[in-house]
Amino acid sequence: MNYLKSFTLTTGEITLFILRVLKSFRMAFKNWKLIVYHMFEISQESILILVFASLFMGMVSAYQIAYQMRDVLPMLYVSTIVTQAVLIEIGPIITGIGFSGKVSSQISAELSSMKVTDQIDALEVMSIDPIEYLVMPRVAAAVLIIPFLTLITEFSIVFGSYLISIAALDITSNMFIEGSKKNFEMFQVFGGLIKSLMFGFFTVILSCYFGITAKTGAKAVGRATTLSVTVSAIAVVVLDYIFTRMLFLW
Amino acid sequence: MVKLENVTKRFNDAGLYGIDAHLPKNGFCTVIGRSGAGKSLLLRTILGLIKPDSGRVLIDDTDIYNVKYKKLKSIRSKFGVLFQNNALLDSMNVFENVSLPVSYRNPDISQNDLKDMVADKLRVTYLSNVSEKYVNQLSGGMQKRVAIARALITDPEILFYDEPITGLDPLTAEGIIDLIRNLHSEIKKTTIVITHDMRGFIDFTDYVMLIDEGRTLFCGTKEDFMDFDNIIARAYVKMAGKI
Numbered sequence: 001m002n003y004l005k006s007f008t009l010t011t012g013e014i015t016l017f018i019l020r021v022l023k024s025f026r027m028a029f030k031n032w033k034l035i036v037y038h039m040f041e042i043s044q045e046s047i048l049i050l051v052f053a054s055l056f057m058g059m060v061s062a063y064q065i066a067y068q069m070r071d072v073l074p075m076l077y078v079s080t081i082v083t084q085a086v087l088i089e090i091g092p093i094i095t096g097i098g099f100s101g102k103v104s105s106q107i108s109a110e111l112s113s114m115k116v117t118d119q120i121d122a123l124e125v126m127s128i129d130p131i132e133y134l135v136m137p138r139v140a141a142a143v144l145i146i147p148f149l150t151l152i153t154e155f156s157i158v159f160g161s162y163l164i165s166i167a168a169l170d171i172t173s174n175m176f177i178e179g180s181k182k183n184f185e186m187f188q189v190f191g192g193l194i195k196s197l198m199f200g201f202f203t204v205i206l207s208c209y210f211g212i213t214a215k216t217g218a219k220a221v222g223r224a225t226t227l228s229v230t231v232s233a234i235a236v237v238v239l240d241y242i243f244t245r246m247l248f249l250w
Numbered sequence: 001m002v003k004l005e006n007v008t009k010r011f012n013d014a015g016l017y018g019i020d021a022h023l024p025k026n027g028f029c030t031v032i033g034r035s036g037a038g039k040s041l042l043l044r045t046i047l048g049l050i051k052p053d054s055g056r057v058l059i060d061d062t063d064i065y066n067v068k069y070k071k072l073k074s075i076r077s078k079f080g081v082l083f084q085n086n087a088l089l090d091s092m093n094v095f096e097n098v099s100l101p102v103s104y105r106n107p108d109i110s111q112n113d114l115k116d117m118v119a120d121k122l123r124v125t126y127l128s129n130v131s132e133k134y135v136n137q138l139s140g141g142m143q144k145r146v147a148i149a150r151a152l153i154t155d156p157e158i159l160f161y162d163e164p165i166t167g168l169d170p171l172t173a174e175g176i177i178d179l180i181r182n183l184h185s186e187i188k189k190t191t192i193v194i195t196h197d198m199r200g201f202i203d204f205t206d207y208v209m210l211i212d213e214g215r216t217l218f219c220g221t222k223e224d225f226m227d228f229d230n231i232i233a234r235a236y237v238k239m240a241g242k243i
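From first to last, the protein sequence lines stand for chains A and P.
If you count the first sequence from 1, position 16 lands on 16 in the working numbering, and the numbers rise without skipping.
If you count the second sequence from 1, position 212 lands on 212 in the working numbering, and the numbers rise without skipping.
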C-alpha cells in the first residue's frame with residue numbers, strides 16, 4: 001500500500017514538474033545561450049558512445065538477419081529489414097537508451113550535487129527560478145539535439161551493417177543500397193524522429209526531477225543518479241511502445 | 001524588518017516550535033544556538049525555502065508564505081545571503097558567480113557596467129585578480145569573500161550570514177568578522193548572522209536571538225541578553241569573554 005501511495009505521489013509530482021517546465025519555455029529566448037551551451041554539452045557527451053555502439057549494433061543486426069533468413073529470403077532483404085528496423089525502432093531506442101545512460105546520469109548527478117551543496121537554494125534566494133535556469137535549457141537542448149543524434153545513430157547502424165554485409169555476407173554494395181530503398185517511406189524517418197524527441201524530452205525531464213529533488217548528503221547524489229537512469233530507461237521502453245502503437249500500427 | 005509569529009515546523013527529529021521574533025530594520029542581529037538547535041532551519045524558513053506548518057514570516061509586513069511566487073521573488077530580491085558552505089556555482093568562475101544575480105535579472109546590462117559592479121564588490125571584500133579563477137582554485141576564506149561579494153551585488157536590504165566563520169582558521173575567521181563588521185557600519189543594512197560562536201560578533205551586535213531545541217529562549221537587545229538569567233545564555237556570554 002505504501003508503494004502505491006509513493007508511486008501516486010511521485011507521478012503527481014512529476015506531472016506538476018513537467019507543467020512547470022513547459023510553462024518556463026516562455027523564457028527560452030532569454031536563455032538561448034544556455035540552451036546552445038547544453039546542446040554542445042549533450043552532443044559532446046553522447047555522440048562518440050552512440051556512434052561506437054551503433055556501428056556494432058549494425059554489424060550484429062546484419063549478421064542476425066542473414067542468419068535467420070538463410071534459405072528463406074534472398075540476401076537482398078538483409079538491408080531492407082535493417083533499414084526499416086533502424087528507422088522505425090532501433091535508431092530511436094538506441095539513442096533513447098544511450099541518452100538515459102549517459103546524459104541522464106550526468107544531469108542528475110550534476111543537479112543533485114548542486115542541491116546538496118545548497119547551490120539550488122542559493123539560486124532560489126537570488127530570485128532565479130531553478131526550473132527556468134537549470135531545467136528548461138537542458139530539456140530544450142535535448143529536444144533540439146536528439147533528432148540529429150538519432151539520425152547519426154541511424155546512419156551509423158546502417159553503415160555498420162553495410163560494412164559487415166560487404167565484408168562477410170557476400171552482399172554487394174549495389175544490392176545493399178537497392179535493398180535499403182525497398183518499402184522505404186519518408187514517414188518512417190519522421191515517425192522515428194518523433195519517438196526520439198519524446199525519449200529526449202522525458203529522459204531529461206526525469207533526470208532533472210530526480211536531481212533537483214535529491215535529499216541531503218552524498219548518498220542522495222548516488223540515489224538520484226541511479227533512480228534517474230533506471231526510471232528514464234524504463235520510460236524510454238514504455239514510451240516506445242505507446243508511440244509505436246500511435247505512429248506505426250493501424 | 002523581519003518578524004516571525006508563532007512559527008512552527010515539525011520534522012521527525014528536529015523542528016521549530018512557536019518561534020516569535022522581531023529583528024528590527026538596519027540592526028545587527030546575531031542568532032545563536034547549539035548545533036542542531038534549529039538555526040539553519042530558521043534561516044531557510046525566513047528565506048522562503050521551507051514553509052512552516054503554522055505561523056507567519058513577515059518581511060516588511062508581508063507574509064512571504066501568503067504571496068504568489070512572483071511576489072516572493074521580488075521580496076527575495078531584497079535578500080543577500082551567505083550560505084554556510086558558500087553555495088557558489090562551481091561550474092562558473094568568480095566573475096560569473098558574482099555577476100549572476102544581476103546578469104540574470106537584467107540580461108541587457110552592458111559587459112562594462114557588469115565588470116565595474118563586480119570589480120567594486122570584489123574590492124569591498126578585499127579580493128583582487130580572482131575574476132577569472134574558478135571556485136575550486138580559491139581558499140576557503142576567499143570563497144567566503146566571493147560569496148559575500150555575490151550577496152552584495154544587488155545592494156540587498158537584508159544580509160544573512162549562515163555560520164560565516166565555521167570551518168575557517170582563526171586568522172581567516174577574524175578577517176571575515178572584520179569584513180562583516182565593516183560592511184554593516186558602511187552600508188547600515190539589516191544584518192542577521194547565524195552562528196554557534198558569537199565571540200567575534202558580541203561587541204557590535206545590537207540584538208541577540210537565542211534558540212535551543214527549536215524554541216526561542218531569548219530575543220532582544222544585547223544589553224538585555226547580558227543580564228538574561230539562563231544557563232545557556234550565561235554560557236554564551238562567558239564564552240564571549242564578557243563574564
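Accuracy of the hints is not assured; some may be wrong.
Unchecked claim - Among the chain A residues that face chain P by a calculated CB cut under 10 Å, a handful are:
#1 Asp71
#2 Met114
#3 Leu123
To be verified - Calculated cross-link-like contacts (lysine-lysine; reagent style BS3-like; alpha-carbon spacing at most 25 Å):
#4 A:Lys30 with P:Lys25
#5 P:Lys25 with P:Lys70
#6 P:Lys242 with A:Lys33
#7 P:Lys189 with P:Lys25
#8 P:Lys238 with A:Lys23
#9 P:Lys238 with A:Lys215
#10 P:Lys51 with A:Lys23
#11 P:Lys68 with P:Lys115
#12 P:Lys68 with P:Lys133
#13 A:Lys30 with P:Lys115
#14 P:Lys222 with P:Lys25
#15 P:Lys238 with P:Lys25
#16 A:Lys33 with P:Lys70
Hint data in this document are derived by calculation from the structure and do not stem from the laboratory.
Since the model is a prediction, treat every value here as computed from it, not as a measurement.
From the three backbone atoms N, C-alpha and C, an ideal C-beta is built for every residue, glycine too.
So which of the earlier hints does this model not fit?
Hints 1, 4, 6, 8, 9, 11, 12 and 15 are the ones this structure does not satisfy, whereas the remaining hints hold.
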